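Kindly produce the complete structure, drawing on both the sequences and the hints.
If you're matching them up, the sequences are chains A and B in order.
Just so you know, numbering that gives the first Met the number 0 puts 65 at position 66 of the first sequence, and the rest follows in order with no gaps.
Just so you know, numbering that gives the first Met the number 0 puts 116 at position 117 of the second sequence, and the rest follows in order with no gaps.
If you are wondering where the hints come from, they were derived from the structure by calculation, not from laboratory data.
Every clue listed holds true.
Taking CB as the label site, the calculated pair distances span:
1) Pro22/B x Glu72/A: 28 to 34 Å
2) Arg314/B x His16/A: 51 to 57 Å
3) Glu187/B x Pro114/A: 42 to 48 Å
4) Arg44/A x Gly181/B: 45 to 51 Å
5) Pro22/B x Glu55/A: 51 to 57 Å
6) Ile35/B x Glu72/A: 43 to 49 Å
7) Leu63/B x Ser4/A: 35 to 41 Å
8) Gly73/A x Ile35/B: 44 to 50 Å
Examples of chain A residues lying across from chain B (beta carbon under 10 Å, computed):
9) Asp12
10) Pro38
11) Glu70
12) Ser76
13) Leu79
14) Ser90
15) Pro97
Just so it is clear, the structure is predicted and the values come from calculations on it, not from any experiment.
We put the CB at the ideal spot given by N, CA and C, even for glycine.
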Amino acid sequence: MSTDSRFDGPGPDEIWHSSLAEGRFMLQQCRRCGTCRFPPALVCRECGSADLAWKEATGQGTVYSATTVREREGNYSVALIDLAEGARMMSRVEGIAPDAVHIDLKVEARIVDGPEPMVVFVPTKGDAS
Amino acid sequence: MSHPLRGSAAIVGIGNTKRWKAPGRTPFDQLQEAAILALEDCGLGLKDVDGLFCAISSSGLPVLNVAERLGISVRHADGTMVGGASFLFHLQSAVAALENGLCDVALICYGSNQLSAGGRLVSMPDPQPYEAPYKPRYPISSYALAAARHMHEFGTTRENLADVALAARAWANLNPDAFARGPLTRDEILSSRMVSDPITRADCCLVTDGGAALVVTRADRARDLAKPPAYVLGTGVAVSHRQIAAMPDLTTTAAVESSRRAYAMAGVSPTDIDHVMVYDAFTITTLLFLEDLGFCPKGEGGAFVSSGAIAPGGRLPVNTNGGGLSCNHPGMYGLFTIIEAVEQLRGACGARQVQGAEIALAHANGGVLSSQATAILGSAATL
Numbered sequence: 000m001s002t003d004s005r006f007d008g009p010g011p012d013e014i015w016h017s018s019l020a021e022g023r024f025m026l027q028q029c030r031r032c033g034t035c036r037f038p039p040a041l042v043c044r045e046c047g048s049a050d051l052a053w054k055e056a057t058g059q060g061t062v063y064s065a066t067t068v069r070e071r072e073g074n075y076s077v078a079l080i081d082l083a084e085g086a087r088m089m090s091r092v093e094g095i096a097p098d099a100v101h102i103d104l105k106v107e108a109r110i111v112d113g114p115e116p117m118v119v120f121v122p123t124k125g126d127a128s
Numbered sequence: 000m001s002h003p004l005r006g007s008a009a010i011v012g013i014g015n016t017k018r019w020k021a022p023g024r025t026p027f028d029q030l031q032e033a034a035i036l037a038l039e040d041c042g043l044g045l046k047d048v049d050g051l052f053c054a055i056s057s058s059g060l061p062v063l064n065v066a067e068r069l070g071i072s073v074r075h076a077d078g079t080m081v082g083g084a085s086f087l088f089h090l091q092s093a094v095a096a097l098e099n100g101l102c103d104v105a106l107i108c109y110g111s112n113q114l115s116a117g118g119r120l121v122s123m124p125d126p127q128p129y130e131a132p133y134k135p136r137y138p139i140s141s142y143a144l145a146a147a148r149h150m151h152e153f154g155t156t157r158e159n160l161a162d163v164a165l166a167a168r169a170w171a172n173l174n175p176d177a178f179a180r181g182p183l184t185r186d187e188i189l190s191s192r193m194v195s196d197p198i199t200r201a202d203c204c205l206v207t208d209g210g211a212a213l214v215v216t217r218a219d220r221a222r223d224l225a226k227p228p229a230y231v232l233g234t235g236v237a238v239s240h241r242q243i244a245a246m247p248d249l250t251t252t253a254a255v256e257s258s259r260r261a262y263a264m265a266g267v268s269p270t271d272i273d274h275v276m277v278y279d280a281f282t283i284t285t286l287l288f289l290e291d292l293g294f295c296p297k298g299e300g301g302a303f304v305s306s307g308a309i310a311p312g313g314r315l316p317v318n319t320n321g322g323g324l325s326c327n328h329p330g331m332y333g334l335f336t337i338i339e340a341v342e343q344l345r346g347a348c349g350a351r352q353v354q355g356a357e358i359a360l361a362h363a364n365g366g367v368l369s370s371q372a373t374a375i376l377g378s379a380a381t382l
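In C-alpha cells, the structure reads:
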C-alpha cells in the first residue's frame with residue numbers, strides 16, 4: 000500500500016465518537032498554530048496544517064448565543080458555546096429554564112450517557128450573571 | 000480600467016410561473032413552465048439553449064433531469080447547490096462561460112412544490128451530526144441564534160424585526176402577484192407565535208410553490224432580442240460555513256465579501272444603487288444584508304428599517320415584490336430577487352415601480368447564512 004501514514008488510523012469523527020463513548024470530551028489542536036477546532040476534521044481551518052493533536056477539553060465555556068425552541072411537547076435550549084480553548088460548538092444548557100440561558104453565561108460541560116452520548120452544558124457554580 | 004466581465008452578458012428573458020399554490024404540479028413542472036416563459040419572453044427557443052444551470056431541493060441530479068425533460072443539448076452545465084443563493088452562483092458561472100464561448104445561451108431555472116408537498120422545508124440529504132443531537136429547528140434556530148446575538152451586541156429589538164415584515168407587506172400590497180396581501184400591524188407580528196426565540200412565525204418567510212427562470216446571453220446578442228436587456232455589471236460570491244456554529248461572527252455575514260467583489264466588478268458603490276433585493280428568509284436577514292451590503296453601518300440596520308427607509312416612499316426601495324416574507328418563497332428564493340430586479344429595470348412594475356431605476360442590486364443567501372451571492376444589474380444607460 001502506498002497510503003500516506005499521516006492519515007492512518009481511525010478518522011476524526013470516529014475518534015470523537017469513541018472518546019465520547021469512553022466519557023471523554025476531546026478537541027483537536029493544531030500543532031503548527033495552536034488553534035483548536037470543532038467539529039473534528041483533517042486540517043486546521045485557521046492555517047491549513049494537517050498536523051492536529053487530540054487533547055481533553057477543560058469543559059469550560061461561555062454562551063455565545065442562545066435560543067429557546069418552542070415545541071408542543073415542551074421548550075428546550077439550543078445554544079452556541081464558546082469553549083475556553085477557542086472552538087465553538089452547538090449544544091444546550093441544562094439545569095435552568097431554557098429562556099433563562101443568556102449570552103455571556105459561564106457554563107461547564109457534562110457528558111450525557113446513552114446509546115449516542117452527547118456533550119451538554121450546565122451553568123458554572125457561582126456564576127450569578 | 001473596467002473589469003472584463005462588466006456588462007459582457009445580459010439577462011434577456013425572465014420566467015415566473017406565479018403559481019404560489021399549485022397542487023398537482025411537481026417541482027419539475029414549475030421549472031419547465033418557467034423555462035418556457037423565459038425563452039418566449041426573449042424570443043429564443045429551447046433548441047437555442049446550450050448552457051444549463053439549475054438546482055432543486057428534491058433532486059440530486061438536477062441537470063440530468065432538466066436536460067431530459069426540456070430536450071436541451073447541453074454544451075456547458077453547472078448544478079452548484081449552495082441553498083437559496085445557488086442561482087446567483089449560477090449567474091456568475093454563466094457570465095464566465097458565455098464570455099469564454101463555453102455556451103451561447105444560458106438557461107438558469109428552478110421549481111418547487113414546497114407548499115403543496117406539505118409545508119416544511121424539503122429536506123436535502125445533508126445530515127449534520129454535530130447539530131442533530133440538540134434538535135435545532137432547521138433552519139429557523141440558526142437564524143434565531145444570529146438574531147439573538149445581533150440584539151445583544153447592537154440593541155436591535157423585536158420591533159425593528161417586525162418593521163422589516165411590515166415594509167415587505169406594504170410593498171406586497173402594491174404587487175397584485177404577491178401571495179400574502181392585506182393589512183398587517185406591528186402588534187399582530189409581535190404577538191405571533193414564538194418558534195425559536197426571538198423568531199416568531201411572522202418573522203419567517205412564506206411557504207409557497209413556484210418556478211422561475213432566466214435566459215442569459217452575451218451582450219452583443221442581447222441587443223437584438225425582444226426585451227430591453229438587464230446587463231450584468233458585477234457578480235460576487237462567498238461561502239463562510241455550513242453549520243451555524245462554524246460561522247465566525249453571527250452578526251456579520253459573507254455578504255461583505257460577495258458584495259465587495261460585485262461592487263468592484265461593476266465599478267459602483269452602494270450610493271449608486273437605485274433598487275435593492277435582499278433574500279429575506281427571516282426578518283433578521285434583511286437587517287444583516289442592509290448592513291453587510293453597505294446601505295447602513297454595522298449594527299444600525301434596526302434603526303434604518305424602523306425609520307421607514309425601506310418601505311414604499313422610503314429612501315431605499317428594498318424587496319419591492321413583497322419579498323420572501325410576503326410575495327413568495329418556494330423553498331429556495333434566490334432567483335426571484337433577480338426576476339424583480341430585471342422587471343424594475345424594464346420599468347414593468349406598475350404601482351410598485353421605482354421611478355428611474357437604472358442600477359439594481361440583488362443579493363441571495365443560502366444554507367444558514369452560509370453562502371452569499373450578489374449581482375448588480377444595469378440598464379443600457381449604465382454600460
